[in-house]
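K.L.:
Kindly generate the complete structure, drawing on both the sequences and the hints.
2 protein chains.
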Amino acid sequence: MDVAPPVDKKISGTKWAGIIRGEIQQKIVELTATGVRPPGIACIIVGDRPDSAVYVRNKETAANEVGMKAAVLRLDGATSQEDIIKQVNVFNADETIDGILVQLPLPKGIDERVVLGAIDPNKDVDGVGGPVHMGNLALRGCTPLFVPCTAKGCVELLKRENIKIEGANAVVIGRSNIVGVPVALLLQGENATVTVCHSKTQDIGSHLLKADIIVAAIGQPGYVKKEWVKPGAVIIDVGINQIEDKTRKSGTRLVGDVDAAVVEVCGRITPVPGGVGPMTIAILLQNTLESRLSKERKAEKK
Amino acid sequence: MDVAPPVDKKISGTKWAGIIRGEIQQKIVELTATGVRPPGIACIIVGDRPDSAVYVRNKETAANEVGMKAAVLRLDGATSQEDIIKQVNVFNADETIDGILVQLPLPKGIDERVVLGAIDPNKDVDGVGGPVHMGNLALRGCTPLFVPCTAKGCVELLKRENIKIEGANAVVIGRSNIVGVPVALLLQGENATVTVCHSKTQDIGSHLLKADIIVAAIGQPGYVKKEWVKPGAVIIDVGINQIEDKTRKSGTRLVGDVDAAVVEVCGRITPVPGGVGPMTIAILLQNTLESRLSKERKAEKK
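Residue numbers (our numbering), protein chains in the order written: chain R, 89 to 390; chain P, 89 to 390.
Bear in mind the hints are in silico, worked out from the structure with no lab data behind them. Among the clues, some could well be false.
Unchecked claim - Partial list, derived from the structure: chain R residues whose beta carbon lies under 7 Å from chain P: (1) K196; (2) V220; (3) N265; (4) T289; (5) G293; (6) L297; (7) I331.
To be verified - Heads up, simulated DSBU-like pairs for lysine-lysine below, C-alpha to C-alpha not over 35 Å straight-line: (8) P/K157 - P/K174; (9) P/K298 - R/K97; (10) R/K298 - P/K288.
To be verified - Some chain R residues near chain P, calculated using beta-carbon distances under 7 Å: (11) P219; (12) A226; (13) R228; (14) G255; (15) I266; (16) V269; (17) N279; (18) T281; (19) V282; (20) T283; (21) Q290.
Ideal placement from N, C-alpha and C gives every residue a C-beta, glycine not left out.
P.N.:
Okay, structure coming up:
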């Protein structure tokens, strides 16, 4: 999307994220009123990418606003993989930390899978560190402790908007570990008939035209065309792409993976920005709260 | 299927399983010629279901034929969950055992997920004990140590027959942990565009008609109808259903999930029996050999 959809079609991630953050804040007030510590989230950022710095600052601010403790560790871009993992282990051992994030991308030469894999699964609130959470998401009859935040945010939007998932044809475009794969598994778990399209898909339009729900997560501005969308379909646009715009002071603006004209045929759609983006942080906080609460429940059992 | 397809359409699992078993046997001859022990597989069977007894005996025979050590432990149907897990742990600790199977179904009252979850992931040659292997199968960029045997067998048949998977539209019917879910992830990893259909899918025919490859794994005799199959499509029929047949001495015969008339339109098809069935054991032996070899490689590194 690169223009705001009309009010009756718009699915506002900003609105729902605000509501979810309010719910989290309320639960933390109740928790700390009983005398126990609030949830704690740690974020490790390596190097000085300006976009990563913004993302981390947003997370820190959001965590503080709901009453969580946020610990941000900024490491020099030349930090070795071994030293990054050492810091992960410090947070693994820290009993006041319930969730650990490593901001991606990491500098070149660092193996992200190895670093993410070092996060204690019980603190892996992003859900993509090791294979355990994804495995439990894929296995029927199992419930993962944490689901990747953006993927969970997409499905949460559908649920909060009372959009019927069971029996719907859902097409997910993209098969990344943090969005495409987990969102497909989540929708399948909710009894949608899910098709995953990707760069090797032939005639993607023929798949999309069958879709009641489309989740676009490929990172290509305006990729999904109006001609491919069934009238009334619900569109979740995960893309956040920066494109040139000389009419703006910054010279750029953000657009999604869905072309602006799609709004003419679709039933509902998330805007970019203000759609899935704000949900990611809200779900991150939700996962961190859940991590804290599950520890509290375990302590009570003892 | 309930009649044999014509030779030019038939994908013979019996043939390919025989070839794979020959390959495994050859590798074990080479392995043991260097003076090291052959692979060992343990199978635990609880109770006296006649079908389970046949499956276990087939696995034992097949393992012995390729030169593996097979240890079968038969437990009384009244054995407690705790005692079954104790036996799993005995095999976990046994250094001559590379793969552990627990024959399903377990008697009522036993939690299969808990028992399977007790298998050491390094010996979980069925790949569905814990979430680790499935998680690595779902995560792009990760390679699972073991993939569930029947699922891997389906894809192995396509590969050995040189059927193009990349870019193909594949429809998987069923979403079980041992077939539907892993076969969908495998095909997706091979760059097919995969749709998973199940009991909540609306108008399943409309999905199937787009499919270049159909994997049917729902356990309903003759479920897939000729009218739903695109001319030339490749069909992998995972179903093994026993139906009444008064013309036979036994009074029953085995049929797949695909109706006999499908052979008139499809391009290629696996028969039942003699299709996917024999592949499952061949892949089980392959996984067990791989488990043995990976240990040998680790020992060499030290």
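K.L.:
Work down the list of hints and note, for each, if the structure agrees.
P.N.:
Do the hints match the structure? See the list:
no.	hint	in the structure
1	K196	violated, 16 Å
2	V220	holds, 5 Å
3	N265	holds, 5 Å
4	T289	holds, 4 Å
5	G293	violated, 12 Å
6	L297	violated, 11 Å
7	I331	violated, 26 Å
8	P/K157 - P/K174	holds, 21 Å
9	P/K298 - R/K97	holds, 31 Å
10	R/K298 - P/K288	holds, 16 Å
11	P219	holds, 3 Å
12	A226	holds, 5 Å
13	R228	holds, 6 Å
14	G255	holds, 5 Å
15	I266	violated, 10 Å
16	V269	holds, 6 Å
17	N279	holds, 4 Å
18	T281	holds, 4 Å
19	V282	holds, 6 Å
20	T283	holds, 4 Å
21	Q290	holds, 5 Å
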